[in-house]
Structure formats: C-alpha cells, structure tokens
Amino acid sequence: MTRQFWLATAAMLCITSPVASETAPSAVTYVDGAIDVSLTGSPGDAAAGKKVMTTASLGNCVACHQIGTIPEADFQGDIAPPLDGVADRYSEAELRGLVANAKMTFEDSFMPAFYKTEGFTRPGAAYSGKAPTEDLPPILTAQQIEDVVAYLITMTE
Amino acid sequence: MQRHVARLATTLALGLALTGTAFADPVDDSLSIETDDGVLEIVTTTAAPAHLSDVMDTIYSGWHFREDETRALQRDDFDNPGMVYVDRALDSWNKAQGAKGESCAGCHEGPESMKGLRAVTPRVDATTGALMTVENYVNECVTDRMGLEAWGMTGDKMKDMLALISMQSRGEVVNIAIDGAAAPFWEAGKEIYYTRFGQLEMSCANCHEDNQGRYIRADHLSQGQVNGFPVYRLKDAGILTAQQRFVGCVRDTRAETFKPDSAEFKALELYVASRGNGLSVEGVSVRH
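Chains as they are written, first to last, in the working numbering: chain A, 1 to 157; chain B, 158 to 445.
What the hints contain is simulated information worked out from the structure, not anything from laboratory work. Source: prediction; values computed, not measured. Note that the Cβ used here is the ideal one computed from N, Cα and C, for glycine as well. One should not assume that every hint holds.
[Stated by the list, open to error] With a straight-line cut-off of 27 angstroms between C-alpha atoms, the simulated DSS-like cross-links for lysine-lysine are: (1) B:LYS314 <-> B:LYS272; (2) B:LYS392 <-> B:LYS257; (3) B:LYS314 <-> B:LYS257; (4) B:LYS392 <-> A:LYS130; (5) B:LYS272 <-> B:LYS252; (6) A:LYS103 <-> A:LYS130; (7) B:LYS314 <-> A:LYS130; (8) A:LYS130 <-> A:LYS116; (9) A:LYS130 <-> B:LYS416.
[Stated by the list, open to error] Residues from chain B that keep clear of chain A, each with C-beta distances beyond 12 angstroms, as calculated: (10) SER189; (11) ASP211; (12) ARG228; (13) ASP236; (14) SER249; (15) GLU306; (16) ALA375; (17) ARG390; (18) GLY405; (19) ARG411; (20) ALA420.
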C-alpha cells in the first residue's frame, strides 16, 4: 500500500474519531517525568500553543513564568523559572511530561497538572466554585498540550 | 489615648528594627491615618507571632503590597471609600428596627461599646463554647433579642455593621486566642490553610506563604492577612468580608468552595487572623 494511503487513512481516523487516537489522562505513562509519545499521535501547532500559554482560562503560563519570546503578554509573573531557552534544557518528551503533570518531575510542584483528572481535594467545575456535575475534564486537551509542547520546542537560545 | 498611641509607636519601631532591609518586596512605608479624632498610627509590619516563627520572621498587612494610590486612600478617612458603609451602619445602629422597636443603641448605647471586639474575634465564646465571628454576634442580637430574621452573612446590612464594629477597634493590636477552647478550631483552620484544594492543587500557604512578595500575573501576592477586613475593594466598588475573600481564593484554585459562615471557613478565619497577631486592626482598609 502506498504511503499516501496510510496518511489519508490516519487523517480520516483523526477526523472521525479524534478520541480513539488520544491517550486519556489516566492512561499516560511517565518515565522519569517524561512522556515519550504525542498524546494525540501527531505533532501540535506552535501558534495555537502560544495562544494557550497566554490565555488566562487555558494554560496561563505567563501567570507564573516570564516568557521573553511573547513580550505582547503583559504582566508576566515571577513565581517560576523563565521559560526562555527551555528547549535547550529539556527534550520534547520531558517538556510534554512537565506540561501534562510537572509533579512527576518536581515533587510537590506548585505548577498545576494540566492533563490530570483524578486525585483532587474538592475539585470544582472550572472557576465556578461549584462541584462538578460531570466527569472532570483535564485543564488542557491532548491537542492543547501538544500545541504547547510544539511552541516550547521552538524556545532555543 | 496618648499612651495607647505611644505603645503602638514602640511596637512599630520594633517591627521595623527586626525586619531591617532584608525583605525588599513589600513596600517600605508606614501608615498614619487622619481621623476625626486626630492621627492614628497603624502597625502594618511587625515580628511574626511565635506560632509562625518556623515559617517567617515578619508579618505585613496587605496594605504593603498595594500600589501607591491605593495605599494613599487609607491615609485619610475623608478619602477612604469604605467610610460610607460605616456611616450607613451608624444609622442602622440607632434605628428602632427590632420586632418590638428595639435598636442596637437601646441595649449597647454608642458603637464605641464594641471597642476591642474585632481585635479578638473570631473567638470561642466563654459562656456557650461556640466559635463566634463578629457577624455571629450581630446575628445573635438580630434574631434572639430583636426578633428578626437573621441577616445574610454577606448582605449589606451585615457588612455595614461589621465595618462599624471593626472601626471601634481600629489601631488595636490583633490578639486572637489560639489555645484552650480555641485550640481545636485553630488546628482545624491550620489544616485547611495547608490543604491543596481544587484542580490546581493549591493551598493558601502555596500563595501567601511560599510565594509572598512575588507576582502571579499582575497580582502582587501578600501574606493574605485579614487584619484589614472588611476591606473596600476598588474592583468591586464595595466592601468584602474575610470569608468572602476566602471564597474567591478557593474558587481560583478550581475548587468547590466552602460557604461563608461554614464551620470550615470560621475555623480558617480564626487561624488566618491569628497569623496576624501583632498587626493593627485597620477598620475598613482599601485594596484594589
């Protein structure tokens, strides 16, 4: 069979059943904090990742981290290490693990786990202050995690 | 009055001497308030109470973490937007509003009879053994002695009255009892303070102890002290109780919050207030 055929089939599968190819939060395997394979099965989109990183209701990474490559995001926090040059310090797999659940790399980290759905004390439905009525979604989707990772791996110095 | 101010000034000087210049982040400033009765010195920086000695040396009012313009609003009662609510409460205090025409003034005379209360609450009531906030005391009078429906814990009537009562203790040193009958409530509050709530898994201590002085986006993280409550919040254009602030902070961790006046938040208020033992009651403070 041709390569084109396989690509076309893969693309179709993604469109018709995106969840089937995704790794669910509870099924993620961490090796020393890192996640080897893409959570969606394909690379993310760096431009979309940048948006996630600066949007308060999504990643909001700038709340805690300074990100010199995104100067247009104002009032960047100083809680955590600046992210510039982060791709020189970590591999793609390590970065994916850090974004999905930084506590797998840094024990008791203050950084929220963006791809985790269980094990919380009094979780709420997003920022409503109320108990969730449905299963808790992760803060970021698998696609958004991959988009953020795609942006982070561009951050070399 | 004279001696009272002198004692506060000594405490203030001691506090500054202990901190020195080591901690640059909270704004280095001091608060004297122009009031109708002259200038009142407020202790906004002092040595941490003994029970905090293993986590911090110095405690700061949230006033030190706000911008110049916000801090300035608290230096003169004439500029403090919170005083409107105090005035409104004074009318309520004097008004015959009980089922049989009772008023607060009828039983307590002037509001100055409430002097000192705010500095020691929440506390365990010596006669009933119940944990009492100022709001709980107010509602006890409203229901039992005036025959009315309880006032909403975060409703205007209650918050106005809290502001008026807090003003009577303004400048007094916070002195929350943490031992004896208060001990179990204090322990329960401490437990909550260090619990990492919500999907963000953050505790009060994560923000207000570990990261005090740092910026989380545009917000300069204070120690989360409650000596200034109720506060007038410029953002809300209204006054806010300590437990309302707790609701906001817990909600921001993507957690299911506790309700104002719940056993959990009452214990938490007692515990957080005790972390401010040594600071002055600020009456109605101003925050952004």
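Index of numbered hints that the structure contradicts, given in increasing order: 2, 16, 18 and 19
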